[in-house]
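S.K.: These are the residues of each chain, in order.
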Amino acid sequence: MPGRWVTCVLATVLLATACGGGTSLPGPAVVTFPVSALGAEGQVLVRQLARFMQENPAIKVVQRVTPDGADQKHQLYVQWLNAGASDPDILQLDVIWTPEFAAAGWILPLDRFMPDTAAFFPSTITANRWRDSLYALPWFADVGMLYWRTDLMNHPPATFDELIQQAQRARQKGGPRYGFVWQGARYEGLITTFLEYLGAYGGRILDGGRVLVSSEAGLRALTEMRDEIYRFGVVPTTVLTWHEEETRFAFQNGEATFMRNWPYAYPLMQDSAESRVAGKFAVAPMPAGPGGTHTAAIGGAQLAINRRTEHPEAAWAVIDYLTQPEQMRERAEVVGQFPTRTALYDDPDLASGLAIPPAMVRRIIEYAIPRPVTPIYTQLSEILQINIHRALTRQAEPAAALARAQAEMQRVLNRAGLGTGEPVAGR
Amino acid sequence: MERQEARVAWTLVLPAVLTILLVALFPLLWTVWESLHLHDLRMPWLGKPFVGIDNYVEAFGDPRFWAALGHTAFFAVTSVGLELIIGLWLALALNRAFRGRGLVRAAVLVPWAIPTVVSALLWRFMFEGQTGIVNSVLVGVGVLKEPVVWFIHPAAAWVPVVLADVWKTTPFVALLLLAGLQNIDASLYEAARIDGATAWRQFRHVTLPLLKPAILVALIFRTLDAFRVFDLIYALTGGGPGTSTEPIALYTFNALLQNLQFGYGSALSVIVFLITFCLAMVYIKLLGAELTGGKR
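In the order they appear, the protein sequences are chains A and B.
Taking numbering that gives the first Met the number 0, the leading residue of the first sequence gets 0, the next gets one more, and so forth.
Taking numbering that gives the first Met the number 0, the leading residue of the second sequence gets 0, the next gets one more, and so forth.
Hint data in this document are derived by calculation from the structure and do not stem from the laboratory.
A few of these clues could be false.
Claimed, not checked - Far from chain A, by Cβ distances over 12 Å, these chain B residues were calculated:
1) 1
2) 30
3) 36
4) 49
5) 63
6) 84
7) 94
8) 141
9) 143
10) 153
11) 166
As the list claims (entries may be wrong) - No farther apart than 30 Å at their CA atoms in a straight line, the calculated lysine-lysine pairs in the DSSO-like style are these:
12) 172/A with 144/B
13) 72/A with 47/B
14) 172/A with 59/A
15) 72/A with 59/A
16) 211/B with 284/B
Note that this is a predicted model, so its numbers are computed, not measured.
Cβ atoms here follow ideal geometry from the backbone N, Cα and C, with glycine treated the same way.
Modelling step: build the complete structure from the supplied sequences, incorporating the hints.
M.R.: Quick look at the structure:
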């Protein structure tokens, strides 16, 4: 009996797979678009897609709900694309995935559609190039910024020394118990924080195929992060388990003088129903150190096309529409996401819509640098995350941690045929 | 006639055998085959060359692999050890007749019924930050002078991990042992009492030997589970700080799904499989010896 049952099931499964697929319906080209936009962001997108479909009746856009977390979304995409599915036609990519997906041959080069790349901030375009082709178009930009309390000081700190002094002074006057909070848990956010410290001292993570973290600048940056925790007591140890939201909660409850975070936090903290610091804070570029400059890690969403799509033209039409100035302005007004088109910042309409003064946004974006543009970014980042976190939790000394990170990262790069550095490069 | 019957029998079991091959053996062999290749989804230009045992050599030369293996063994020994001791104690308590026993037995199972990820988050909230309930209580009682940030200390981070696992799976162990206890003939205790055996001697010489098969079954289930621990640590510490609490399953998951190293990740999976398989074999041998030993 069980045997027959199994045969039946097997036969059904085989039949189903044999008959499925290959049935294309006549009518408008249907393009699917997996998005994880919640709340106001989701509503803006629904509105914009509805307008698009009204203007382009030959194309129907269907939204697919995906997980919000970057890692989960990445896994889902990998499963879809590795299986050669043609189904999600349009992909919303995190900025660090573009080279990975491009190298794997999962997304279409966009050059044939002749996008006007000169209209976008150069750093947002660089992040989406792989081997001389453009693979995704920047939809909106996220940049790391310093949030500071306007009721506790007159001007934001320009350097880390100044930041430490201001934080200590604020605490002595009975101000917030935490000086500075940032994303310090062992995850991608830690790398964005580190990148900004590194840039402040003039360092870089990668130069072409050479890993550069184990450098004078790298050591100074990591030592500064560690000293702010253990020597100056400005950064609480608990940030080493914190992501974006934990830092925002601390800052909006008035428990921190400074915070490093992305733009999304700004409109949320202006809501006086939830925030105790509404109207009492502003943003500035992250501080600089000697030998470097203000630096902002760049994040945000990119739009790309699945290489297996059956409707590349329709997919491009959607991407092109969503990245037009009007759509970007609307997003900026409703959810505070920064447009990636340079010219919009001179637009008076944007100034009234954006919570943060456009001149300041523009200044921060101009300090923005992408994280290393390489298909094996996630692996390099993982090595760096582990070693930086080890140094910050005092399991290793900064110099040793950086040397180890450098050696491992270079080894991985070289094995991928992407490296040009020594196999085991010490400091 | 007999041969014909045998043929009919074979045809009848064939679908079942095929299904087993398809769902159990095929993925396993496929993984082994993958593990002998350099296969990295992010680097299609490297192709998918056959590299023999290179992936295994790389794993054995990788300090992170050995560390992960060590963490897994440490986790298995401490958590299963504690679960067994507390589970036995619970089972002995539940084995006595008292009012409301049915209710208590059901209540004991509550942690077991909660999904692992949920209980992991629960424990995370309790231990997290300087104001988490654990810190508040310990500082309030005076055990700690100041709050500890549990998740940034390589040793302290194990405390919530082990506690969460013990909390969740002790009821399961207790129930298994309780079933064993109820199989023990009450007349044995009577005889022991008549012979003047103390409670401790009854436990040592009657309960423990007769409970051995149940203990072994509990050990098999729990050790194998502990060796494959993933979701609990993924949600609780993410393997951190650094990689101080990273078990082998989490490392494999990272290699496969985060870094898309299908060849290397498959090699790690095969190693995990071999270890758990050997463990199961050892236990089954022990259990078998125990059962036949009991019959003798």
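S.K.: Take the hints in turn and mark each one as holding or not.
M.R.: The hints, checked one at a time:
{"no.": "1", "hint": "1", "result": "holds (20 Å)"}
{"no.": "2", "hint": "30", "result": "holds (16 Å)"}
{"no.": "3", "hint": "36", "result": "holds (15 Å)"}
{"no.": "4", "hint": "49", "result": "holds (17 Å)"}
{"no.": "5", "hint": "63", "result": "violated (8 Å)"}
{"no.": "6", "hint": "84", "result": "holds (31 Å)"}
{"no.": "7", "hint": "94", "result": "holds (37 Å)"}
{"no.": "8", "hint": "141", "result": "holds (22 Å)"}
{"no.": "9", "hint": "143", "result": "holds (14 Å)"}
{"no.": "10", "hint": "153", "result": "violated (6 Å)"}
{"no.": "11", "hint": "166", "result": "holds (21 Å)"}
{"no.": "12", "hint": "172/A with 144/B", "result": "holds (25 Å)"}
{"no.": "13", "hint": "72/A with 47/B", "result": "holds (26 Å)"}
{"no.": "14", "hint": "172/A with 59/A", "result": "violated (60 Å)"}
{"no.": "15", "hint": "72/A with 59/A", "result": "holds (23 Å)"}
{"no.": "16", "hint": "211/B with 284/B", "result": "holds (14 Å)"}
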